[in-house]
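The primary structure of each chain is shown beneath.
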Amino acid sequence: MEKKLSEMDFDEEGTVKEIAEDLRAKIAGMGIRVGKNIRMATKQPIKGPVVVEVDKSFTSLGLGIAEKIVVEVE
Amino acid sequence: MKILLMGHPNVGKSVFFNRLTGAKVFESNYPGTTVDFMKGWMRLEREDVELIDVPGAFSLEPKDRAEEVAVKMLEENRDSVVVCVLDASKVERGLYLALEIIERGYPVVVALNMWDVAEDKNIRIDVEKLERILGVPVVPTIAISGEGFKELVSKIKDAAPVKIEKIIESVGAVSAAASTGEAQAQGGGESAAVS
Amino acid sequence: MKRKLKEVVKVPLSVDERWDLIEKISKQTVEFGAYKHTLKDAIAELTVKPLTGIPVAIAVIYGFWSFFCDFAGTLFTDGFMVKIFDEHWLPWLQSFFLGGLGNPFYALMVDAGHIEDGVLVASDNCFEAFGVLTSGLFIVFGVVLWAVLAFYLIFAILEDIGYLPRLAVLVDTVLHKIGLHGYAIVPTFLSLGCNVPGVTATRPLETRKQRFMMMTLLAIFVPCGAQIGIMQELVPELMGWIFLTLAIGYLGFGFILNKIVLGKSPELIMDVPPYQMPTLRNIGRKLWIRTSRFLLVAVPFVLLGSIIVGLMYLTGAMDWLAAVFGPLLMVWFGVPSETVAPLIAGFLRKDLAVGVLGGLMAQGIMTTFQVFTSVVLLCIYFPCLATFALMLKEENWKEILGSFASLVAMVFVYGGLIHLIGIMLGVA
Chain C
392 MEKKLSEMDF DEEGTVKEIA EDLRAKIAGM GIRVGKNIRM ATKQPIKGPV
442 VVEVDKSFTS LGLGIAEKIV VEVE
Chain Z
13 MKILLMGHPN VGKSVFFNRL TGAKVFESNY PGTTVDFMKG WMRLEREDVE
63 LIDVPGAFSL EPKDRAEEVA VKMLEENRDS VVVCVLDASK VERGLYLALE
113 IIERGYPVVV ALNMWDVAED KNIRIDVEKL ERILGVPVVP TIAISGEGFK
163 ELVSKIKDAA PVKIEKIIES VGAVSAAAST GEAQAQGGGE SAAVS
Chain X
2 MKRKLKEVVK VPLSVDERWD LIEKISKQTV EFGAYKHTLK DAIAELTVKP
52 LTGIPVAIAV IYGFWSFFCD FAGTLFTDGF MVKIFDEHWL PWLQSFFLGG
102 LGNPFYALMV DAGHIEDGVL VASDNCFEAF GVLTSGLFIV FGVVLWAVLA
152 FYLIFAILED IGYLPRLAVL VDTVLHKIGL HGYAIVPTFL SLGCNVPGVT
202 ATRPLETRKQ RFMMMTLLAI FVPCGAQIGI MQELVPELMG WIFLTLAIGY
252 LGFGFILNKI VLGKSPELIM DVPPYQMPTL RNIGRKLWIR TSRFLLVAVP
302 FVLLGSIIVG LMYLTGAMDW LAAVFGPLLM VWFGVPSETV APLIAGFLRK
352 DLAVGVLGGL MAQGIMTTFQ VFTSVVLLCI YFPCLATFAL MLKEENWKEI
402 LGSFASLVAM VFVYGGLIHL IGIMLGVA
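Residue numbers (the working numbering), protein chains in the order written: chain C, 392 to 465; chain Z, 13 to 207; chain X, 2 to 429.
It is worth saying that the hints were derived from the structure and are not from the lab. Glycine included, every Cβ here is placed at the ideal spot set by N, Cα and C. Just so you know, not all the hints are guaranteed correct.
Partner residues aside, some chain C positions facing chain X, computed with beta carbon under 8 angstroms [stated by the list, open to error]:
(1) 408
(2) 411
(3) 419
(4) 424
(5) 432
(6) 450
(7) 452
(8) 456
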């Protein structure tokens, strides 16, 4: 099933399917890229940022940014 | 010649800098901005060479002012050797920055820092093979204890610009030498995807 | 097979091409063994999760504050410095310095004294004496230095451990609502030490809008360690209220600025590094650089400032200014006309200003609420000269003008509001 990264539940895992064009280069250096396994490490309440884990690295993304990433989850 | 110390934030770059330089260090301000960086001198083959601690960056595609300055400093010091400090436990992410710098034609020495952390995490890196593929010196280091620094310093003179085509080619060649026919075919398929 | 593909390589590679290459390199050179989650990983995650992270953040900040008060305030300032300055330094200077009470030069350098029942009497502490060699040196070396040192020590430890990015994630929820990053917590925090490095630390904010907002808020609402040190020494019982008032102003005014300043407020993209053991050498180096820089800025300004304020008192300029601005201060802000003196000093240094205010307090001419209002006013009305100079360097004059205009409007609105609330509560 496909969903936005922002819609993933806490501790859910998936594979990055699509990243908005304008975002791709910005987060490429942090290791977030299409085809990678991604885990939702924490979600902050009231539309706060998310923290995701890719390759054992943790990155915090604003919710609006997380909305621009599509993830495939089982 | 100058030496630029580059790498992600939080990979121990400042500990690196402190180890490589002597007592004479200056904190300066990049002209027209409030971005600070450290500058010092290190002894290299009986010569004092300027060492600049470039602000931490994840890529040369700047997303904030500090990264912008990092890119500008790189561009302004065309004749520099870049010591690229990577977190050995996160090699892939680090190689992204290293490749970007190599692509721009700079001679690079790769330091695989926090080697001990990588070992603790059961991550094994074939340094020699990595060196062969990249065509640049690769040295495992532990900045906190100073391990690997002698070797790193001795290899700075070996750094030379490498063409990215060469790296793409050597990835293929190494895989061809090392793998079975099936894997080779697979490798060929993948490099088609590259171009 | 590969030869014909090679010609099409374009430099630099695209993002996807580069990652493809890295994955191939990594496949051949890196072997990822079984990875066990350790206690450190668990802590790393727990401190960024809201349910567990927020209590930890509160505990960290509380610990920070307690250490700050105990180490700087109680141990060094009250334990050693007050005794040294009041019991030895001041009497010693008073005993031999040329001129004696009433002499202008003596007043400027050592002790201006104060009128008690129509008689000029000597001061018995360094806050009241108001000479360059007494109050000036006491402010810098007796109080402020220890406050700043304590502050930077803990800040450097938190920084090197890798805690700050987690704090940034936790506060991003709130700060994003006013158009800032969670990362804005770092310059804000750093400014509690000194606004100068605080302004410097605005660099990781992405857009001009965010940097402009951040600097304006820092300059107005974040008191520096020097100021906090002095306030803690003079009005420890009011600290909670002062911080609350400033925090409300910071968020409220940030909310307004976010609405009126043009530009984008992009969202957070930030690495959350693993925790690390800090090295003594690195912390020592940071502490040394930051503290020595602070002294370089602070010492000349405080000493020069005390000379200027002293001269203004001696020549009567201060009385004239008090007469001119007194009505405004009285009616609008509800503070006595004498407050003009600390406000003048505040142009140069905030700690000096609070010090001057301390002198006034000792003479018993202010109510508690007036002291509170004056301290808040001092904090918000103008950044110190050093901060202002740095802002000038960072931003163009248009933005500085904008910052300045919002500052003036802010001081009047917020200062008036505090007075109004005071009147309604019946304490003003």
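So, going through the hints one by one against the coordinates:
no., hint, result
1, 408, "violated (14 angstroms)"
2, 411, "violated (13 angstroms)"
3, 419, "holds (5 angstroms)"
4, 424, "holds (5 angstroms)"
5, 432, "holds (6 angstroms)"
6, 450, "holds (6 angstroms)"
7, 452, "holds (6 angstroms)"
8, 456, "holds (5 angstroms)"
In the structure shown, a violation is registered for the earlier hints numbered 1, 2, in ascending order.
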